[in-house]
Amino acid sequence: MRYSALSILLNGLKGNKDWTPAWRSPAPKKHYDVIIVGGGGHGLSTAYYLAKEHGITNVAVLEKGYLGAGNIGRNTTIIRSNYLLPGNNPFYELSMKLWEGLEQDFNFNAMVSQRGVLNLFHSDGQRDAYTNRGNAMRLHGVDAELLDREQVRAKLPFLDFDNGRFPILGGLFQPRGGTVRHDAVAWGYARGADSRGVDIIQHCEVTGIRRENGKVLGVETTQGFIGCNKLALAAAGNSSTVARMADLTLPIDSHVLQAFVSEGLKPFVDCVVTFGVGHFYVSQSDKGGLVFGGDIDGYNSYAQRGNLACVEHVIEAGVSMIPALSRVRVLRSWGGIMDMSMDGSPIIDRTHIDNLYLNAGWCYGGFKATPASGFCYAHLIAKNEPHKVAAAYRLDRFERGYMIDEKGVGAQANLH
Amino acid sequence: MASLITCPHCGQRPKEEYTIKGDAGPKRPAPGAPEREWFDYVYQRDNPRGTLQEFWHHSGGCRRWLVVTRDTVTHEVFSVSDASERAAS
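Quick mapping for you: the protein sequence lines, in order, are chains A and B.
Per this note's numbering: the first sequence = residues -19 to 396.
Per this note's numbering: the second sequence = residues 2 to 90.
It should be emphasised that the hints constitute simulated quantities derived from the structure, not laboratory data.
Beta carbons: idealized from backbone N, C-alpha and C, even for Gly.
Incorrect hints may appear among the rest.
[Said to hold, decoys possible] Partial list, derived from the structure: chain A residues whose beta carbon lies under 10 Å from chain B:
1. 219
2. 229
3. 231
4. 233
5. 277
6. 278
7. 279
8. 283
9. 285
10. 292
11. 319
12. 323
[Unchecked claim] Here are some chain B residues pointing at chain A (derived, C-beta under 7 Å):
13. 2
14. 17
15. 21
16. 40
17. 45
18. 46
19. 48
20. 73
21. 74
Okay, chain B solo, but in the shape it has when bound (with noise of 0.2 Å):
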């Protein structure tokens, strides 16, 4: 894992900083989903051998979500944003 972590708002900050939540990519379902959504949504992980878009919390700074895009063997961080940005698109 990169040591630093280069936060859009905080700038480069070491990774202790970050709290990690998980994969990113789940999207949490309306209340009246089918239970299959919502099965798919909190239990089954796609868990890539490579890239992999996560949900990092700046718990240690800005305390925005971030979502980390990074590689789940070499460790490489691709890119960093605001999980707000994410959601909005």
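One chain only, chain A, in its complex shape (with noise of 0.2 Å):
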């Protein structure tokens, strides 16, 4: 069934009695062509442009809980391309074209909204730090503009402007940048993908991979043994645990980050600003909430729920910023298992086996890649070669020395 503003209204007429499941709920099939490890944005993604660009349908993709219940609902819903590295910014300007187009392409409201992402900076430095990332986004095709402490007013006056160790002086916004329903993603995606002809198997948990001769034969689930001619693996959190069971060790951690939301507020903040000193990032919903988060707990875990001493830090961040949060009450928080991998950027590669790929290691920034991830994995299974946007996210590039270290902070996970 294809939506429309007209399907709404006649479907309303009719009491919306006639609605019909967005995508199946199909027993696994003996083998596919494809195996997805893990039925998130990245996984449900690359089964959609697997579909849709390459016309492989004979696809499964396996989830161990329920879709949405993972990463992809539960980070801060934020999508920009501000990146300064060139490994990273042709791969993130990709995704946010994606994005732009992706309501008509997959025929889903995901409420894409590009209210623009402001990094405020506070000294001297930073604003050469951010006027070189500007101009290094700019080279790129992508769209930056620094403001001045005064434009930066106009737009947001509540800030702390003048806070006496770290003022206001600026921002670095790109007005492309912005919020999307995350959930709305997951499942505008696996509907694409199952009304292709894919198969999403929910509460269907990967427990071993078998392999014969150098080869992956298929995947020990909870529902039986899937065959398939290749795998791929987009875990998440679980990554490590997965690529285990292909005795593939990974330059990966993983970590508990925990985002919050407020209880409803009149209009408030209309872009996403991201604080310079501490880690902080703030949006507002439709709904009116304060949708924000800030640094990884800092400690190996698969917990997804995070520690009191994080969300004091993080509220402390924030009221740096705005001080007007003091009054505001929390009304919820959660976590999600990060997997950290090493320089704070991406794997999309092969493996050591031949018909195994690996899509992992997307720290803080899984969500703002979600298509352009799909995009380039299901470009990576089908024609065996990496999309060249993301040709620098290889497993190897730790062990030759080529990371991609967007922050400059050093090969350790709980430092990006």
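Two chains, two frames, a set of hints: combine them into the complex.
Take a look at the structure:
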């Protein structure tokens, strides 16, 4: 069924009785051309682009929980392509371009809202760094504007401009950045993939990878053995666990990252704002809640819940940036498990096994990358060669010394 | 994560007094070791879902390096010992 304003109207007149489920719940077949492990944003978008761009539709997406239970439903919904390094920038810009056409493409309202992303700076040195970043973006054809203090004040008058230690001197603004309704992204990709013949199998946990003569034959799951020609991992925070089933050790630590939403407020913050001193980013949802987050908790964790010390740390950073936040009540907080790579950048690559592919290491940046990650991963799986904008995301870059250290902080997961 | 960690020197102290370094598993290779060993030490991580031995620094207390053995899913802490004991063993 194609969704449109007319279909909503007609179904509404008929009492909304004729809507059908957005995707099927099939039992797994014995064998697929491609099995994707992980029914999160990246797994689902990979399945969607495999079917749509490459005509590979005999595909299964295996999800151990339900769709939207993982990081695709646990992030702060921010999209942007304000990257500095040549290995990153074209990739995230492809993602931004896919976001811009996504809703028409998969016929689902994902509430893509290009309200702008503003990164504040607080010192001359930081202004130089952001000028450098903005110039790098513009050289790559990405929109970027350097705003001075008064331009920022006109946008967001309630920021703490005269903070004694960290006065706000201006900001780097990407007007095309913004937010997207994150669970609708999972649903839209799931529906688009399913309608092209992809089987999305929920509550099906992979427990082993069966191999013979150095090739993957299929996966052992809680619903039995399923064979495949190609196996594609997209397990986010559980990447190390799944990769270990194929004797693959990854340069990844799993960490918990928390996110928060406040009570609903009147329109207050009309773009995404990030603090330049502490790690804090905030936007306002269409319901009015402030959606914000900060640093990872800083210790290895597979528990999807965080620690109060980090809650305090995030709120302190928030109040330093927007003093009025001290009066706002937080409704909920939750945690997601980040696959933190050692240089802060992702991996989309082949592995030591010919028909085993890896998509992991997304750190903080998985959500905004969802369309391009799936697009490039599907390209890699279908053609066995990397897409040109994702060619730097190699698994062996750590060994070869080609790290993509966007923040320049070094080789340790909890620094990124 | 547990709120209270029992330091072998200071007794039970709040978690906020400690700084967590990360996996205590990788062993520093000899200076002239092959690059492969250095690569494993610097970058590769077991990242277990379950029991993990981790270096913690009691930065707000005795400033000793400790090894905390804990579960990465339940956050249960099994043991805390001084890192020197581990180096000696």
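Do the hints match the structure? See the list:
The interface hint given for residue 219 of chain A holds, since its Cβ lies 8 Å from the closest Cβ of chain B, which is under the 10 Å cut-off. About 5 Å separates the beta-carbon of residue 229 of chain A from the nearest beta-carbon of chain B, less than 10 Å, and the hint is met. The closest approach between the C-beta of residue 231 of chain A and any C-beta of chain B is roughly 4 Å, which is under the 10 Å cut-off, so the hint is satisfied. Satisfaction of the interface hint for residue 233 of chain A is found here, the shortest Cβ-Cβ separation to chain B being roughly 5 Å, below the 10 Å cut-off.
For residue 277 of chain A, the suggested interface contact is upheld, since its CB lies about 7 Å from the closest CB of chain B, less than 10 Å. A cut of 10 Å between beta carbons decides the hint on residue 278 of chain A: the least distance to chain B is about 6 Å, and the hint holds. Interface hint status for residue 279 of chain A: upheld, as the beta-carbon distance to the closest one in chain B is roughly 5 Å, under 10 Å. At about 6 Å, the closest approach between the beta carbon of residue 283 of chain A and any beta carbon in chain B falls short of 10 Å, and the interface hint on this residue holds.
Of the supplied interface hints, the one on residue 285 of chain A holds, with its beta-carbon coming within about 9 Å of a beta-carbon of chain B, less than 10 Å. Below 10 Å, beta-carbon pairs count as interface contacts, and residue 292 of chain A has one with chain B at about 9 Å; its hint therefore holds. Checking residue 319 of chain A against chain B: minimum C-beta separation of about 9 Å stays under 10 Å; hint holds. Checking residue 323 of chain A against chain B by beta carbon gives a least distance of about 9 Å; that is within 10 Å, so the hint holds.
With a least beta-carbon distance of about 5 Å to chain A, the hint placing residue 2 of chain B at the interface is held under the 7 Å criterion. Interface hint status for residue 17 of chain B: upheld, as the beta-carbon distance to the closest one in chain A is roughly 5 Å, under 7 Å. Interface restraint check for residue 21 of chain B: the shortest CB-CB distance to chain A comes to about 5 Å, inside 7 Å, so the restraint holds. A distance limit of 7 Å between C-beta atoms decides the matter here; for residue 40 of chain B the minimum to chain A is near 5 Å, and the interface restraint holds.
Interface restraint check for residue 45 of chain B: the shortest CB-CB distance to chain A comes to about 5 Å, inside 7 Å, so the restraint holds. A cut of 7 Å between beta carbons decides the hint on residue 46 of chain B: the least distance to chain A is about 5 Å, and the hint holds. The interface hint given for residue 48 of chain B is met, as the beta carbon of that residue sits about 4 Å from the closest beta carbon of chain A, less than 7 Å. Because the beta carbon of residue 73 of chain B sits about 5 Å from the nearest beta carbon in chain A, less than 7 Å, this interface hint is met.
Checking residue 74 of chain B against chain A by beta carbon gives a least distance of about 5 Å; that is within 7 Å, so the hint holds.
Checked against the numbered hints given earlier, the structure satisfies every one of them.
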